[in-house]
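*Asks:* Sequence:
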Amino acid sequence: MTLHQRLHSGIKPFSCPICPKAFTKKHHLKTHLNYHTGYKPYHCPHKNCGQSFTQSSNMRTHAKKCQFQPRPEAPLMP
Numbered sequence: 001m002t003l004h005q006r007l008h009s010g011i012k013p014f015s016c017p018i019c020p021k022a023f024t025k026k027h028h029l030k031t032h033l034n035y036h037t038g039y040k041p042y043h044c045p046h047k048n049c050g051q052s053f054t055q056s057s058n059m060r061t062h063a064k065k066c067q068f069q070p071r072p073e074a075p076l077m078p
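Numbering (the UniProt record's numbering), first residue to last: 1 to 78.
By construction, these hints were calculated from the structure, which means they are not laboratory data.
Careful: at least some of the hints might be erroneous.
Here are the simulated DSS-like cross-link-like pairs (lysine-lysine), alpha carbons at most 27 angstroms apart as the crow flies [to be verified]: (1) Lys26 to Lys47; (2) Lys64 to Lys47; (3) Lys47 to Lys25; (4) Lys12 to Lys65; (5) Lys12 to Lys25; (6) Lys21 to Lys47; (7) Lys65 to Lys47; (8) Lys30 to Lys40; (9) Lys40 to Lys21; (10) Lys40 to Lys12; (11) Lys40 to Lys26; (12) Lys40 to Lys65; (13) Lys40 to Lys25.
So the derived label-pair ranges between C-beta atoms look like this [claimed, not checked]: (14) His28 to Pro72: 22 to 30 angstroms; (15) His43 to Ser15: 24 to 32 angstroms; (16) Arg71 to Gln51: 17 to 25 angstroms; (17) Thr61 to Leu3: 20 to 28 angstroms; (18) Lys12 to Gln55: 12 to 20 angstroms; (19) Arg60 to Thr37: 29 to 37 angstroms; (20) Ser52 to Cys16: 16 to 24 angstroms; (21) Ser15 to Tyr39: 34 to 42 angstroms.
Don't be surprised by glycine CBs; every beta carbon is placed ideally from N, CA and C.
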């Protein structure tokens, strides 16, 4: 309930030590800090791609249209 109340009250107890941004959830701050540090823990799953991302959602979006994703097999003609 406390977290839900924070969302509506505007209270953001997790402040970035580098810039003025603040967050309602600790893991949002942790993800934000990846931008400042350059840490990119999420890697494209497709072989030979090698791209990395600060957020998992950005990696998933990339992976859907990555040029290195396997091509679907062509159906066999009888």
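*Asks:* Now tell me, hint by hint, if it's right for this structure.
*Replies:* Hint check results:
Annotation: proposed proximity of Lys26 to Lys47 is violated, straight-line Cα distance about 33 angstroms (limit 27 angstroms). The suggested pairing of Lys64 with Lys47 holds, with an alpha-carbon distance near 14 angstroms, which does not exceed 27 angstroms. Of the pairs offered as hints, the one joining Lys47 and Lys25 is violated, with about 34 angstroms between alpha carbons and a cut-off of 27 angstroms exceeded. Simply put, Lys12 and Lys65 have alpha-carbon atoms about 35 angstroms apart, too far for the 27 angstroms limit, and the pair is violated.
Taking the CA atoms of Lys12 and Lys25, the gap is near 8 angstroms; set against the 27 angstroms cutoff, the hint holds. A threshold of 27 angstroms between alpha carbons decides the hint, and for Lys21 with Lys47 the separation of about 36 angstroms lies outside it, so the pair is violated. With a C-alpha separation of about 14 angstroms, the suggested pair Lys65 and Lys47 falls inside the 27 angstroms cut-off, and the hint holds. For a cut-off of 27 angstroms, the pair hint linking Lys30 to Lys40 stands: about 12 angstroms separates their Cα positions.
Under the criterion of a C-alpha separation no larger than 27 angstroms, the hint pairing Lys40 with Lys21 is consistent with the structure, at around 20 angstroms. A C-alpha spacing of about 25 angstroms is found between Lys40 and Lys12, which places the hinted pair at or below 27 angstroms, so the restraint holds. Taking the CA atoms of Lys40 and Lys26, the gap is near 18 angstroms; set against the 27 angstroms cutoff, the hint holds. Restraint check for Lys40 and Lys65: the C-alpha separation of about 19 angstroms stays at or below 27 angstroms, so the hint holds.
Between Lys40 and Lys25 the CA atoms are separated by roughly 20 angstroms; this keeps the pair inside 27 angstroms, and the hint holds. Remark: the range hint 22 to 30 angstroms for His28 to Pro72 is contradicted by a beta-carbon distance near 37 angstroms. The supplied range of 24 to 32 angstroms is met by His43 and Ser15, whose beta-carbon atoms lie about 29 angstroms from each other. Checked against the hint of 17 to 25 angstroms, the C-beta distance between Arg71 and Gln51 comes to roughly 19 angstroms, which is consistent with it.
Between Thr61 and Leu3 the Cβ separation comes to about 27 angstroms, which falls inside the hinted range of 20 to 28 angstroms. Between Lys12 and Gln55, the C-beta spacing of about 19 angstroms keeps the proposed range 12 to 20 angstroms intact. Between Arg60 and Thr37 the beta carbon distance is about 21 angstroms. The supplied range of 29 to 37 angstroms is therefore violated. Distance hint for Ser52 and Cys16: a CB-CB separation of about 21 angstroms, consistent with the stated range 16 to 24 angstroms.
Separation of Ser15 from Tyr39 is about 19 angstroms and departs from the stated range, judged on CB atoms against 34 to 42 angstroms.
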